[in-house]
Structure formats: structure tokens, C-alpha cells
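Q: Residue numbers (the UniProt record's numbering), protein chains in the order written: chain A, 1 to 808; chain B, 1 to 299; chain C, 1 to 163.
For the record, the hints were derived by calculation from the structure and aren't laboratory data. Small disclaimer: the values here were computed from a predicted structure and weren't measured. It cannot be assumed that every hint is accurate.
Reference listing, derived: stretches of chain B covered by chain A, where coverage requires no fewer than 3 residues with Cβ under 8 angstroms from a Cβ of chain A [claimed, not checked]: (1) 62-76; (2) 86-97; (3) 199-207; (4) 231-240.
Away from chain C, derived, C-beta distances all over 10 angstroms, residues of chain B [said to hold, decoys possible]: (5) His19; (6) Gly44; (7) His47; (8) Thr58; (9) Ala115; (10) Asp131; (11) Leu256.
Residues of chain A clear of chain C, computed beta-carbon distances all greater than 12 angstroms [to be verified]: (12) His158; (13) Gly250; (14) Thr487; (15) Ser509; (16) Leu648; (17) Leu664; (18) Ala672; (19) Ala734; (20) Thr773.
Backbone N, C-alpha and C define an ideal beta-carbon position, used for all residues, glycine too.
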Amino acid sequence: MSTTHAPVPGLPRERDVLPPVIGSAVQRIDAVEKVTGRASYAADTRIPRMLHAAVVRSPHAHARVLAVDTSRAARVPGVHAVITGADTAQVKWGAFRPDLYPLAVERVRYVGDEVAAVAAIDLETARYAAELIRVEYEVLPAVLDLDAALADGAPLVHDDAPGNLAHEFAFDRGGAREWLERSDVVVEGVWQSTRQWHGSIETIGCTAEWSQDRVTMWVNTQTPFLARQRYATALGLPLRAVRVVQTEIGGGFGGKSGDDNTSVICAILARKTGRPVQLVNTREEEFLASRPRIPMRYHVRLGFTSDGLVTAKEIDLVADNGAYTGKAQAVLGAATVRHDALFTYRAVKARSRLVYTNLVPTGAFRGFGNPSADWAVGQAWDLAATRLGIEVPDLFLLNAVESGSVSPHNHRISSCELKQCIRRAAAAIGWYDKRAAPTPHRGLAMGVSVHVSGRRSFGDYDGSSAIVRLTEDGRAAVIIGEGEIGTGARTTLAQIAAAELGLAVADISVSRPDTDLTTHALGALASRVTYVAGNAVKQAAERACEQLLAAAARQTGRPAAELWVEDGHVHAPAMPGEDTPLRQPVGTVVRAELYRPGGEPIVGLGSFDNPSEFPDQLRYGNESGAYNFVAEAAEVEVDPATGAVTVLELAAAVDCGTVLNPPLAEGQVEGAIAQGLGMALTERFDWDGGAPTRPNFVDYKMPTAGVMPKLHVEFADSYEPTGPFGAKGVGEIALDPVPSIVASAVADAVGVRVHELPITAEKIFWGIRTGSTTPPEQAGPGGLSESAEPAPPDRPAPPRDRAPGEER
Amino acid sequence: MTTLDHGPAPTDAAREPVHLLRAGSLTDALAQLATEGAVPLGGGVGHALARQARRPVTARTLVAVADIPELAGIAWTDDRIVIGAGVRLDAIASDTRLREEWPVVAEAAGSVATARIRRMVTLGGNIAARDDSHDPPVALAAAGAVLTVRGAGHRRTLPVTEVGSLSAGELVQDVRLPRSTPGARIGSAYEKFLVRGVWEYACVNVGAVVALDESGTVERLSVAVGSVTGGPVVVDLGALPGRVPDADLVAEAARLAAAATRPYSDVRGSAAYKSLMIAEFTRRAVSKAALRAAGGADR
Amino acid sequence: MAVPLRFRLNHEDVEVHVQDPASTLLDLLRNDLGLTGTKSGCAIGYCGACTVIVDGRAVPSCLQLVGLLEGREVRTIEDLSGPDGLDPVQTAFVTCAGMQCGFCTPGHVMALRALLDQEPEPDEERLRQTVDGNYCRCTGYVKILDSAREAVSLQKSLTGEAR
Ligand SMILES: Cc1cc2nc3c(=O)[nH]c(=O)nc-3n(C[C@H](O)[C@H](O)[C@H](O)COP(=O)(O)OP(=O)(O)OC[C@H]3O[C@@H](n4cnc5c(N)ncnc54)[C@H](O)[C@@H]3O)c2cc1C
Ligand code: FES
Ligand code: FES
């Protein structure tokens with residue numbers, strides 16, 4: 001890791017030498033709990049008298065709920081409560097556009113929409129009772145894809161959204177059309193991304209318990225404070241009535257950021273029964289009713305001068321919101337503007353529409369729209385390189401942004417090592433050697449991406465605050481509400497505190513979020529915790545350290561300026577006339593500061609707000625204080641007889657500023673790449689009537705160890721002046737370019753360019769055979785769902801074996 | 001499990017407990033299976049899956065048969081190999097003699113999911129599940145295997161492709177494979193197409209057996225295809241035997257296999273694609289089997 | 001009517017009364033015995049989060065019917081570490097940063113423990129095959145494979161010392 005940096009003029013902080021704990025492979029503070037199975041995840045919460053719950057969901061993509069008969073369920077011994085929409089506050093909720101009821105009121109809008117729920121003494125009883133609930137539906141015409149939803153006279157998913165538009169905006173910054181007209185080379189195409197599920201191995205779950213008029217919810221949410229606000233709305237309660245406590249989280253990736261109904265239903269059941277209730281999604285429910293990645297269709301036009309300088313870009317983007325909005329509106333914004341911070345465009349023009357469909361609602365997923373954007377725009381760049389006759393890395397280098405660049409949307413890039421990343425990724429994959437001696441059926445590609453370190457989008461604040469308390473045993477407690485979703489955030493925050501305090505990481509504990517007890521925090525999203533919370537913790541620790549030294553100064557009669565902390569001790573040089581230097585345990589100083597008349601604790605408060613701007617309606621504004629970058633290159637091999645792709649090697653070079661903990665940062669990159677490969681290649685369902693025919697892991701295939709390519713992960717020598725010890729975010733970025741580089745590498749290998757994710761063997765096969773990636777006699781608009789046989793007897797399939805529209 | 005609206009509701013009394021009986025011998029098992037609502041239980045994997053999918057439970061009694069002596073082990077006689085229905089796929093996949101004599105069978109068993117799953121799944125359970133994409137039945141069909149079926153007071157045999165005719169009270173006792181005469185030039189091979197690279201059910205799966213005579217002419221050629229409607233389907237290869245196993249013959253076998261089968265569209269591919277993949281993997285399986293037959297030792 | 005079921009669990013003889021012999025070991029462990037270290041990620045045999053050791057071999061407990069357990073020997077993640085510290089496989093995951101969210105970790109640990117019990121010196125291919133049987137959505141498997149290799153060498157050095 002880099003240890004020295006040239007100071008950047010005019011920026012707030014610089015460091016010449018980093019403390020040793022920064023950049024070292026410190027062991028995760030939660031490792032032992034996790035390897036022993038003691039870590040307590042959402043479904044591990046155990047409270048005496050706790051009941052278990054099950055949910056009844058709509059089998060129809062769009063229907064009117066005529067009647068719900070719960071009488072038989074209610075009579076089952078062991079059932080404590082059965083609820084329907086009538087038992088809820090009937091308030092719509094949602095992060096940006098409130099449109100979701102906790103349980104259906106009058107209408108259901110997708111297969112999986114929640115209709116009723118049961119709480120019973122055990123799960124088996126709850127599920128059995130749920131099966132006894134009879135719902136009478138009047139099936140309504142449904143819109144099952146973007147084109148159907150946008151068609152004239154299409155049925156409306158929500159009556160208050162004419163044209164099924166949930167959100168739209170457009171801008172032209174710099175006159176893109178004129179620039180395109182004057183360009184020597186213009187490439188153009190349409191690219192469509194796909195619903196991808198987070199696939200966290202732990203599903204969404206909650207345990208709720210009421211005491212008087214307050215509910216405590218133990219939830220595996222990434223964003224306890226933001227979720228709490230929404231839960232309060234959904235429950236029709238004042239904010240003060242809801243307390244959210246974060247459990248251990250078995251993977252988040254955006255999917256556990258509180259846009260779905262599971263926790264809300266759990267809390268309603270707990271109130272109704274007067275007992276603690278636990279509700280955990282089954283894997284099938286997770287697929288049917290969580291908030292997967294938004295499928296996006298981009299029409300891209302990209303212009304260049306004949307010598308390869310980019311001129312302008314125009315996109316027309318339609319995004320499939322599904323039946324309810326959640327965070328999709330914010331994702332749309334990122335997917336429209338973020339990638340413009342990669343290259344020096346003279347002008348950019350966009351129209352973006354978020355479209356309601358009667359499909360599973362979509363939302364936040366690692367990358368927040370950028371994997372779709374980078375796939376579509378990345379394909380256009382790859383085509384352009386071919387047209388211009390310039391090697392992709394060279395074309396990127398010609399046009400890449402640098403420190404100090406400002407994007408058309410006023411994204412102000414403070415630190416940027418994108419060019420370094422491009423060179424290093426090219427070197428790691430052996431770009432020019434492989435180009436010089438191509439192997440048949442093998443292809444090479446490169447892609448780049450930019451991401452934020454926190455993003456101002458939930459109001460005009462993207463900050464964090466932390467309290468560092470030094471304890472009388474010489475340890476430090478970091479109290480902060482940001483939490484841990486697996487990335488190791490608590491460990492890196494402990495490292496930052498340790499570095500400032502001169503303590504060992506083992507002597508730092510970091511709190512878990514509790515909306516009653518910890519500082520307010522936006523939580524684990526937008527790659528923000530290291531950067532935003534890291535700065536807050538750093539300041540809190542600095543301040544605690546100042547207090548400690550002041551106390552030690554008072555206690556020892558030395559000037560504070562002579563004192564420093566190291567190895568858990570306060571040190572000072574020997575006084576004139578004495579021969580031993582001062583070496584006082586931190587705990588002793590803290591204790592002495594307390595145990596005296598009028599004694600005081602040593603507590604530092606730190607606060608940091610992202611130096612960013614709240615973007616306006618048209619997404620203009622510097623959304624983050626720091627941007628991270630990546631360049632990735634891949635080599636693939638295609639079997640021309642089947643179209644099957646093997647990714648042989650993938651190199652990633654990442655600029656995330658200072659790497660605080662190399663194995664943790666590498667883990668973020670490696671995991672993101674695996675997820676990107678799933679999005680690119682393997683993750684899909686067979687669809688019928690608006691839902692996956694088999695919403696489980698039988699059909700939905702995430703990458704396993706056996707298909708992972710050889711990975712090269714490198715970090716750029718980089719330093720972010722506004723980051724804690726020079727660090728920026730790293731959680732999402734490495735996923736973003738993966739679908740694009742796989743597609744480009746396939747095109748390079750066999751000359752087939754796939755325009756719709758995932759890049760299946762079949763599409764490539766048809767491309768090789770016929771020049772078109774769809775089967776020759778493609779059946780109906782439903783694509784491949786033509787005449788699927790009923791599920792073979794031995795495999796779990798949802799019991800949906802009735803003809804669509806049939807009633808009872 | 002997901003509760004979507006499920007058709008006719010079970011009655012409130014339907015939650016009767018299921019009984020599990022462990023049979024000590026075949027006679028025991030047949031007696032237990034003769035009672036109303038009793039079904040055999042092999043490794044229990046299929047049963048666990050059905051339960052998790054909350055399919056209506058019709059079985060009242062599960063009779064655990066995997067460990068009864070008459071269903072255990074692989075026995076070799078001069079003219080046949082008898083694989084007990086209770087034998088786990090893992091044991092079949094790693095049996096060295098089987099791998100030599102019937103590689104198609106060992107490879108098919110070894111292609112199922114992961115070692116962990118293969119150690120649980122019984123051959124009988126895998127076959128009796130009647131899933132057209134299960135791997136072992138495809139290989140067994142190509143090899144011309146025969147099931148020994150036992151019921152209270154009777155014993156009959158069935159080609160593996162007719163497992164659908166098993167009736168209540170019956171169980172599969174074993175699976176019989178013919179033995180080849182020493183020095184015979186027989187080769188076999190199994191091809192399972194994992195279209196996404198990761199382990200899962202086949203996109204298409206094909207088993208092939210090739211026997212050559214002294215002169216190197218094809219004496220017998222058999223191909224079975226899975227993951228198709230009514231599968232596994234044993235393909236009628238007409239007049240192919242009698243020719244030399246060259247590229248033309250392989251191509252013709254591939255064409256016939258694709259023409260004789262009706263794959264369905266699902267997440268692993270469209271029917272049109274799968275038909276072409278059936279041809280491709282038939283080509284691969286037959287070529288490999290022919291090579292093994294010609295090579296003698298490496299079959 | 002509950003039926004009695006006797007087996008060994010983490011080195012102790014246990015007798016439990018099960019309502020339903022066709023229910024799974026996973027549910028028995030988590031819901032009835034309070035052993036929540038074994039996780040559920042899919043309940044249909046794919047993810048491996050529920051992996052335990054039965055008679056020395058890795059088994060997805062979501063597919064193991066309790067009625068078939070009579071007289072058998074079950075080990076769960078709770079058995080692996082004791083007052084003397086962590087199992088070498090666990091230590092390897094700790095030192096190689098082999099986990100992120102940790103939800104898949106008990107399953108990976110148990111699968112590798114079973115492998116090393118059977119084959120103390122597995123080659124790279126065997127390690128990869130074993131890890132291939134458990135999903136992980138966080139790590140991309142790189143550091144899990146590092147942990148697996150580290151576990152082999154740790155175990156080797158430990159048994160070397162013991163001799
Ligand atoms: C994760 C996973 C992946 C899988 N992947 C594959 C794969 O790639 N390829 C593949 O082929 N299979 C695969 N399977 C399916 C597996 O092979 C079947 O579920 C198989 O049927 C299980 O066998 P069993 O002995 O455990 O089942 P059981 O549940 O014991 O039996 C299954 C059925 O067979 C009946 N039966 C059992 N034994 C007998 C007998 N002796 N006589 C008559 N009837 C009997 C039972 O009554 C039941 O109806 C997979 C399963 C899982 C969980
Ligand atoms: S829970 Fe058992 S394999 Fe997923
Ligand atoms: S560490 Fe999260 S699933 Fe593996």
C-alpha cells in the first residue's frame with residue numbers, strides 16, 4: 001500500500017505517513033463469532049413466547065380482491081392472529097413515492113403481493129393456516145413488460161400514474177444533438193439489462209415485540225434509521241413509537257434496505273397478538289417479493305471525432321419499476337448521470353422514464369443502476385473502438401477524466417486514478433500480448449466505471465456522527481448507527497479509531513445500530529460507510545484523544561503538547577532531572593478523570609457531512625464528495641458448438657483511495673465480480689404469467705466456486721484528500737463493468753453481440769448460426785416461456801398450476 | 001414455503017402425522033408397503049423436496065428401504081451386474097469396475113449435483129421419481145438396464161423407461177445391467193450439458209453405447225436422451241448398425257436423436273435450441289463411446 | 001403422536017420426541033434444539049448453508065429426514081470449537097478473511113471439516129469440488145479457497161506436532 005502522497009493544494013487534509021494499522025490486514029472484529037455460528041442473524045432471534053408468521057400472497061399479476069375468508073385459518077389450534085388489509089392503517093408508504101400498502105387494499109398488483117398473514121405457535125402451524133385462507137379475486141388485465149406498460153391505452157397499475165409513468169425527467173447539457181451531428185463517428189444501439197436478485201444467502205426477516213405503545217423490531221436491515229421512518233409511516237405510527245435494532249446481516253447488497261413489507265407485517269401481527277412475532281422470508285418469497293435489480297433499456301448514441309475524442313452522448317432510458325416504487329426512482333437518477341463522470345463528454349442528453357408494470361417491484365442493488373448503465377454505454381464504447389480502429393484501453397486513456405475534472409452534472413472529481421487503473425488492468429490481463437497473438441474463440445475486453453462514496457439523496461444530508469468513549473479499562477467504544485452488512489465496516493471503523501487513539505484494534509468495540517441508542521445514520525448504502533462514517537469516527541476519536549491528553553496533562557502536570565498515545569499508553573519524554581519517560585496506561589488516566597470530585601468521562605463526538613450537493617430535479621449537482629474508479633479486463637472462451645462461455649481470467653484495478661484493510665477491500669472486489677458474472681451470464685428465471693415459474697435456486701443460478709475465473713485484483717496508488725486517511729468507498733464499483741466486459745469479450749471471440757442480459761449460451765449460439773440472438777421461430781411475446789411442461793414431480797415449484805385467470 | 005392461493009383447500013383434519021417404518025428385510029418392506037397409503041423411502045431427498053414445496057401429502061406411511069440387505073450393494077455375476085436400488089449414486093460413480101465396464105452409468109451417477117447430494121440419493125429413488133431430466137435413468141436406458149420390481153407376492157421386470165408403470169405397493173429392488181463378454185469391443189459415454197457452467201439439472205443429457213465387431217463395424221448402437229417430453233427416450237437408430245463409426249454415422253445418429261425427441265422450453269433453453277443441443281451432445285457421446293469401443297481398454 | 005428418536009449429537013446421546021419423522025434435521029436443530037449455528041438459505045439442498053456432519057460425511061441438513069437418523073452420529077458447528085479454541089478450519093477462515101457476512105460460513109466450515117476428516121491432504125481439485133457445494137454470495141470464493149488451503153496446512157502442522 002502507498003504510504004506517501006503529494007499534498008493536493010487547497011484541499012482540507014493531507015497525510016504524509018499513515019499509521020501502521022491503516023493498510024494492514026487486521027483480522028475482522030466479528031470473525032470468531034461468525035466461524036463459530038454464534039453470530040445471531042434475523043432468524044436466530046429467540047424471545048420467550050415468540051410466535052411465527054406466514055404470509056398469503058397474490059397468485060395473480062393484477063386482480064381485484066373481492067373477499068378474504070380467514071375463518072378456517074383462525075380456527076386452527078395454535079393460531080393467534082390472522083390479518084388482512086383491513087387490520088392495517090391502510091396508509092401507503094415508500095421511500096420516494098408512497099404507493100405500497102402493508103397488506104393489499106382492494107387490489108393486488110404483482111404475483112407475490114401480500115394479502116393476508118397469520119401468526120401461530122410454530123411455523124408449520126402458521127403455514128398450514130395460511131393455506132386455509134381463501135381469497136376471491138377478480139382478475140384484471142396486467143402489463144407484463146415495458147412495451148405493454150407504455151402502450152396507448154395500457155391498463156394502469158396505479159390509477160394515479162397515467163401512462164404507467166412513476167417518474168421521468170430529461171435534460172440536455174451542452175447541446176448533444178449538435179455535437180453528434182458534427183461528429184465523425186457515431187455509434188448507436190439498444191441494450192437491455194435484467195432483473196437480478198440480491199441472492200443473499202440469508203433472506204429478509206424481522207422479529208417484533210410491543211411494549212406499551214412502542215414496538216421494537218430486530219431486523220436484518222442495512223439502513224435501520226431510514227427503514228424506521230418508513231415503517232412508522234406504514235404502521236400509521238409516530239416515529240417515536242418505532243425502534244429498530246439491527247441483527248447480524250447475512251448479505252445485503254441493497255436488498256435489505258427496507259422497501260418491502262416483511263417487517264411491517266411482522267410488527268402488525270405482534271401488536272395484534274400481544275406477543276413477539278418472527279417473520280422470515282422463505283427463499284421463494286425472497287424471489288417473488290423482494291426488490292431486485294431494475295431492468296433497464298437504453299438507447300445509446302455516442303459520437304467521436306475521427307481521432308477518437310468523445311464528443312457527446314445521448315440516451316433514452318426506460319426502467320421497469322415493477323408494481324411499487326421503493327428506491328427505483330433514485331436508482332434511475334444514478335443510472336442516468338453517473339457514468340458521465342468517466343469521460344470528458346462535451347455534451348450529454350438524456351430522457352429517463354420509470355415505468356410501472358405488474359411485476360415484482362424493483363429497487364436498490366449493488367451498483368445502483370450503474371451496472372445497467374455501464375453495460376449499455378460500455379457496449380457503445382466498445383463498438384466505437386472497433387469503428388475507430390483504436391484499442392479499447394487506448395480509447396479510454398484518450399478520454400478518461402482526471403483529478404480536478406468536473407462532469408456535465410457538476411460531479412467534481414477530487415482524486416482520480418482512472419488512467420492508472422486502465423493501464424494496470426491492461427497489464428494484468430496481458431492485453432497487448434494477447435492482442436498480438438489471438439487464440440481462436442477467445443476474446444478480450446475492457447470496461448471502466450465510476451462510483452460514489454456516499455450519495456446525497458435522502459434529503460439534504462449525507463452525513464454521519466459517532467461517539468468514541470474511552471473506557472476505564474483502557475479500551476474504546478465506538479458508538480455509531482451505521483452497522484455491518486458483511487463488508488467489514490465495523491472492522492475498518494475500529495481501525496480508524498485505533499489509529500487515532502493509539503490503541504490496538506482488539507481494544508475497540510463498535511456498536512450495532514439501535515435507533516434508540518446509537519447515533520443517527522443513513523446506513524450501509526451508496527458505498528458510503530468507510531468514507532462518511534470513517535471521517536466521523538476519525539473526528540470523534542481525535543477529540544477523545546485530545547480530552548485524554550488534556551486529562552493526562554492535568555494529572556501529571558505536563559503540557560499536553562508533550563504527550564502522545566501509543567500502545568494503549570499515554571507517553572511523554574522524561575522530565576528534566578528524571579530518567580524515566582512517562583508511560584501511563586490509558587485506562588488509568590480515564591479512571592482518574594472519573595474518580596475525582598466532579599469527575600468526567602472521556603467522550604469524543606465526531607460528525608461529518610459529505611461535501612456534496614443535493615442534486616436538483618434534473619439530477620444536476622455534485623452528489624458525492626469522492627468518486628472511486630475501476631478498470632476491468634476479461635478474457636473469455638466460447639464453445640462455438642453450444643455458445644457456452646467460459647470466463648478464463650478477469651483483472652480489476654480499483655481506485656478507492658487508501659486501502660484501509662487489503663483483504664477486506666479485495667473481498668469487496670472479488671465478491672462484486674462474482675455477482676457481476678451472475679448478472680452477465682447465469683442468473684435468470686423462466687417466466688410465466690408475470691412470475692418466475694420456479695422461484696428458487698433450482699432455476700436461479702448464481703456463480704459457484706467451480707465457475708469462477710482466475711482473478712487479478714489490484715489497487716491504484718491513490719489518496720483521497722477528503723477521505724479518512726485518504727480512503728474512498730469500494731463496496732459496489734467492481735460489479736459495474738462486468739456485464740459489459742463479458743459481452744464485449746464474447747463479441748471479440750465469436751463476433752456476436754448480445755443486446756439483452758443475461759448473455760446466455762443460447763443467444764450466442766443463435767448469433768453464430770443465424771446472426772440474430774433469438775431462436776429462429778421465436779414464440780409469442782413471452783419469449784422462451786412457450787409451452788413449458790409442468791414441473792417434473794420431484795422438484796419444488798410453487799403450487800400455481802391453474803390456468804391464468806381462472807377463478808374460485 | 002410460499003403460500004400462493006392453492007386450489008381446493010385441504011380439510012382441517014388433513015394434518016395427520018406421517019409414520020416412518022424401517023424395514024429390516026425385503027419381506028418386511030413388502031408387507032409394510034401393502035398397507036393403504038404406504039410408499040417407499042430411499043434417501044429421502046425427493047421426499048424432503050416435495051414437503052418443502054408443500055405438495056399435498058398423500059403418503060401416510062414411509063417405508064425406509066434404502067438399507068435393507070436385498071437392496072444393498074453391487075453384485076457381479078458372469079452375465080450381469082445387479083445394482084441394489086438402495087445403493088447411493090456416489091457409490092455408483094466411484095465404483096472402479098463399473099467405471100470400466102459401464103462408464104455411461106458411472107458418469108451419469110457422478111454428474112448428479114454434488115458429492116454431498118450423491119451420497120444421499122439412492123438409485124431407486126432417483127429412478128422412481130420419474131423425472132425426465134434425472135441423469136442415471138438416461139444412462140441406464142442407453143445401456144438397456146432392466147428393473148427388478150417386487151410387490152407383495154410377485155416379482156416382475158421392467159425396462160428402465162417403463163418405471164411409470166410401478167403401482168402402489170411395489171418397489172424397485174435392483175437394476176440389472178448386461179455384462180459384455182471378455183475382450184468385447186464395447187464403449188459407452190454420458191454427456192450432460194450444463195448450459196450455465198454451474199452444477200444443476202441438465203439442459204440436455206445423452207447416454208450412448210457402441211459395440212464394434214472384429215472388423216470395427218458397429219454391431220450395436222444405442223442412444224438415450226433425457227430432459228425431453230416422456231424422457232428418457234431411447235432413440236431408434238434404424239439401420240446405423242452395420243456401418244463403420246465414422247463422422248457420417250455420428251452425424252446421422254445425432255440427427256436421428258434430435259428428430260426422435262421433443263424437448264421443452266425452460267430456463268435452460270428454448271425447445272429449438274435444445275433440439276440442436278441434443279444433436280450436438282449425441283455427437284459427443286457417440287464419438288466418445290466409439291472411441292472407447294475401439295480403444296478396448298479405455299471404454 | 002410424538003415418536004422417540006435416539007442419536008448422537010455433538011458427542012452426546014440424545015433422545016428427542018419428534019411429532020413428524022418426515023421433518024428435517026435442519027428444523028429439529030434450529031427450532032427444537034436451539035442450535036441456530038446451522039443456517040437455512042434455501043431448504044432444498046442447493047446453498048449448503050445448512051451443512052452438518054452425519055456419520056463423518058457432510059450432509060445438507062435440510063434434506064435429512066429426522067426419521068432416518070436413528071442411531072446415527074450428528075455434528076454441528078456448535079461442536080467445533082471449545083474452551084481450547086477454534087478448530088483449524090475455523091482458524092483458517094479467521095486468518096484468511098474467509099467470510100464477509102458469515103451466513104454461509106458454518107456450512108463451508110462443516111463441509112471442509114468433513115473433507116479433512118476423510119482426506120487429510122486433499123488436492124486443489126478436491127478443495128474446489130467441496131467449496132463448489134456451498135453458495136457464497138459475498139466473497140467470490142477467492143478467500144474461501146484460501147481458507148481451505150490454509151486449513152489443510154494448519155491441520156497438517158497440528159497433527160505433525162501431536163505425533
Ligand atoms: C440440490 C439437488 C440437486 C439435484 N440434482 C440432480 C441432478 O443433477 N440429476 C439428477 O438426476 N437428480 C438430481 N437431484 C434429484 C435427486 O436425484 C432426486 O430427488 C432423487 O429422487 C432422490 O432420491 P432419494 O433416494 O433421496 O429420494 P426419495 O425421496 O427417498 O425417493 C424419491 C421417490 O422415489 C420413490 N422410491 C424411493 N426408493 C424406491 C424404491 N426402491 N422403489 C420404488 N420407489 C422408490 C419414493 O417413494 C419417492 O417417490 C437433485 C436433488 C437435489 C436436492
Ligand atoms: S438450506 Fe440446506 S442446502 Fe440450502
Ligand atoms: S460470506 Fe456472505 S454468503 Fe458467504
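Q: All hints, please: hold or fail.
A: Going down the list of hints, with the structure as the test:
1. 62-76: Result for this restraint: violated, n = 0.
2. 86-97: This one is violated; 0 residues, fewer than the three required, reach chain A with a Cβ under 8 angstroms.
3. 199-207: holds (count 3)
4. 231-240: As far as the region 231-240 of chain B goes, the hint is violated, because 0 residues have Cβ atoms under 8 angstroms from chain A.
5. His19: 7 angstroms, violated
6. Gly44: 4 angstroms, violated
7. His47: Check fails; 6 angstroms does not lie beyond 10 angstroms.
8. Thr58: Threonine 58 of chain B clear of chain C: closest Cβ-Cβ about 13 angstroms, beyond 10 angstroms.
9. Ala115: Incorrect as stated: the minimum Cβ-Cβ distance to chain C is 7 angstroms, not above 10 angstroms.
10. Asp131: 14 angstroms, holds
11. Leu256: 35 angstroms, holds
12. His158: 32 angstroms, holds
13. Gly250: Glycine 250 of chain A not clear of chain C: closest Cβ-Cβ about 3 angstroms, inside 12 angstroms.
14. Thr487: Threonine 487 of chain A is in fact no farther than 12 angstroms from some Cβ atom of chain C, at 6 angstroms.
15. Ser509: 18 angstroms, holds
16. Leu648: Leucine 648 of chain A is indeed farther than 12 angstroms from all Cβ atoms of chain C, at 16 angstroms.
17. Leu664: Violated, since 7 angstroms does not exceed 12 angstroms.
18. Ala672: Per Cβ check, alanine 672 of chain A is inside 12 angstroms of chain C; nearest 8 angstroms; violated.
19. Ala734: Not fine: 9 angstroms to the nearest Cβ puts alanine 734 of chain A too close to chain C.
20. Thr773: At about 28 angstroms from chain C, threonine 773 of chain A clears the 12 angstroms cut-off, so the statement holds.
Of the hints listed earlier, those the structure fails to meet are numbers 1, 2, 4, 5, 6, 7, 9, 13, 14, 17, 18 and 19, in rising order.
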